[in-house]
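*Asks:* Sequence:
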Amino acid sequence: MDMDAAAFEELVIDELDLLPDDMVEGLENVVFVVEDRPEDGSLDLLGLYDGLALTERTQYGMGELPDRIVVYREPHLAQCETEHELRDEIHTTLVHEIAHFYGIDDEQLHEMGWA
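Each residue of the sequence shown is one higher than the one before, counting from 2 in the numbering used here.
Among these hints, one or two may not hold up.
[Claimed, not checked] Label-pair restraints from in silico Cβ distances:
{"id": "1", "residue 1": "89", "residue 2": "3", "range": "23 to 29 Å"}
{"id": "2", "residue 1": "55", "residue 2": "114", "range": "19 to 25 Å"}
{"id": "3", "residue 1": "42", "residue 2": "5", "range": "26 to 32 Å"}
{"id": "4", "residue 1": "42", "residue 2": "114", "range": "43 to 49 Å"}
{"id": "5", "residue 1": "69", "residue 2": "45", "range": "16 to 22 Å"}
{"id": "6", "residue 1": "85", "residue 2": "59", "range": "31 to 37 Å"}
{"id": "7", "residue 1": "56", "residue 2": "8", "range": "34 to 40 Å"}
Everything labelled a hint here was simulated from the structure, so no lab data went into it.
Each residue gets a CB set at the ideal place from its N, CA and C atoms; glycine is no exception.
All chains should be modelled from the sequences, with the hints used to inform the complete structure.
*Replies:* Right, here's the structure in full:
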């Protein structure tokens, strides 16, 4: 599947808007970023939570750099054949990475069907 960066970013924004309010309202000091690929250039990783989970924070406060949730465009496009599949995969990636913000690990996400 082929899609330019601007169109992909719009899909990510659309899917963010569709997430339940109680999932996103608690996100504090988090930015969402779209990048083409992970640093290693692989197509295996769809997203990344780069930060400190709420369950691990002790003295987190003013002046801290924001945590980042990264959605990788090219791996998503490589795994999807239609826009519907792409939207579903972006949605799943967002839920997965936001869950890491809340301290839910990959094993728990797998049990819940989000990994």
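*Asks:* Any of the earlier hints contradicted here, and which numbers?
*Replies:* 1, 3, 4, 6
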